[in-house]
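Q: Chains as they are written, first to last, in this note's numbering: chain R, 1 to 161; chain F, 162 to 520.
Incorrect hints may appear among the rest.
Here are the simulated SDA-like cross-link-like pairs (lysine to any residue), alpha carbons at most 25 Å apart as the crow flies [said to hold, decoys possible]: (1) F:K187 - F:N363; (2) R:K117 - F:K311; (3) F:K465 - R:S84; (4) R:K156 - F:A382; (5) R:K117 - F:D427; (6) F:K290 - R:A36; (7) F:K392 - R:K117; (8) F:K392 - R:I158; (9) R:K117 - F:K187.
Derived from the structure by calculation, the hints contain no laboratory data.
Chain by chain, the residues run as shown.
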Amino acid sequence: MYVDVLNIWATVIAVILVVSLALFSQYTKTGRALRAVADDHQAALSVGISLRSIWILVWAISGFIAMVAGIMWGTESGVQFSLSLIALKALPVLILGGFTSIPGAIIGGLLIGVGEKLAEIYIGGYFDTGALENWFAYVMALVFLLFRPQGLFGDKIIERV
Amino acid sequence: MIYKETGQYKSSYKSDHAIFPLLQDKIAFSTLMFIAFLIIPFVINSYWEKAILVPFLIFSLAAIGLNILTGYCGQVSLGTGGFMAVGAFSTYKIMTYFPDMNIMIIILISGLITAAVGIIFGLPSLRIKGFYLAVATLASQFFLVWLFNKVPWFYNYSDTGQITVSERTMFGIPVTGAEAPSYATYLFCLVLVVVLSFAAKNLIRSKMGRSWMAIRDMDIAAEIIGVPPLKTKLSAFAISSFYIGVAGALYFAVFLGAIEVTESFDIMTISFPVLFMIIIGGLGSMLGSFLGAAFVVTLPIGLKFLMVDMVGLSAVTAKHFEITIWGLLMIVFLIVEPHGLARLWSIAKEKLRRWPFPY
């Protein structure tokens, strides 16, 4: 079996990033502050977390990770404007796994990535049309949300008036 | 003191409920209608029709549709392109099956079909909301476009996958197809837009519209005071999809004439621009839908004029700049004026009311 060096590197980098992010958000002081802000802005402010620096940090981290993903995707399949549409597929992954959960993102990514390809092979064969992967991720997320609105590992949604 | 309301008494419930309560508004609106119906049809040429007026009318209809759903009922949707494609393809199918049917009826039936599709894709809104719903509606966008692209029945097994409109007439004058004169296509769209916007405006002022707004403002509280969420949300989806479907039907039959679904109803060409329209124009405002549509339709033309003709950039560079300027405008608008152009207009009215006094 032939495995591309690039793919190995991509996997290694992805694993390192995911693990360090999970550790960062779970065990460091800043990571805890991030989760506090995500939970409730005002409560976070009132215990002395600086929202301004948290925003800068959050956008910087997300930009950095998106850049890494972009570089890896770009070396694999070329860079063009439609690359921005691929990013849209991150959304069903995220809501399938549930916000506020990094394991959720991993499992959601695997479910959608593998599900998409399996559907292409097993269901796509019946339709004789193919290209199911254009929409499969979104429909999967939609059906999933109908039964579990908070996603796989998301916090339970509690609403008050 | 230009926009003076002093001395205009409302002495009956009817005048209290008027759409345009002030004399100045009435005059402005009548003048606008006079120009639109009696002057523009005589001076319109092909460029104004194809580049500005007809796309403006069609996109304002789509923007009204999305505004009903997102602005009034609070359900974010990114599936506009998919729903417009439903309108376009049902028009095409009905046209080929019933060659003698009147084009106006065909377009309205296409709207009803789109409304039915909209109800199906609106079902998730009962369980999920906000950002989750936006992603769920992406499913309709991608699934519907794929369906129309890959299932040959929808484009009558043509080799290219394109659908082409055939000529249809109203009162003996062709309104669709290549032979249609500019004034005919313009008037056809104008009549539909005027009638449907009055219908929308009145719907929003009715019980249905008020329950949409209650759901938007706080859905649990609305449910507790007795607004049925199922009926309200699904009716918003149905009516919004009806408008978007009619817009899609016009986009195909009157404006473009021939379309290829993956290009014409792409998320980047329809769904996001229509969302920009209602954000820039003003969420939850009828006027905002029109202002936003006018802004989005004329901005590329203005920018192209400015950058290619005045500064002398190449067309490709100008196109890239255009995308950048779009992004910039979105951010600036959301920060500076989250309520959009409609809010700017109401601020201007406030200023005009007490002009020339500062306060």
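Q: So, for every hint listed, does it hold in this structure?
A: For each hint, the structure was consulted:
{"no.": "1", "hint": "F:K187 - F:N363", "result": "holds, 16 Å"}
{"no.": "2", "hint": "R:K117 - F:K311", "result": "holds, 18 Å"}
{"no.": "3", "hint": "F:K465 - R:S84", "result": "holds, 24 Å"}
{"no.": "4", "hint": "R:K156 - F:A382", "result": "holds, 20 Å"}
{"no.": "5", "hint": "R:K117 - F:D427", "result": "holds, 23 Å"}
{"no.": "6", "hint": "F:K290 - R:A36", "result": "holds, 22 Å"}
{"no.": "7", "hint": "F:K392 - R:K117", "result": "violated, 37 Å"}
{"no.": "8", "hint": "F:K392 - R:I158", "result": "holds, 23 Å"}
{"no.": "9", "hint": "R:K117 - F:K187", "result": "violated, 59 Å"}
Of the numbered hints given earlier, the model fails hints 7 and 9; all others are met.
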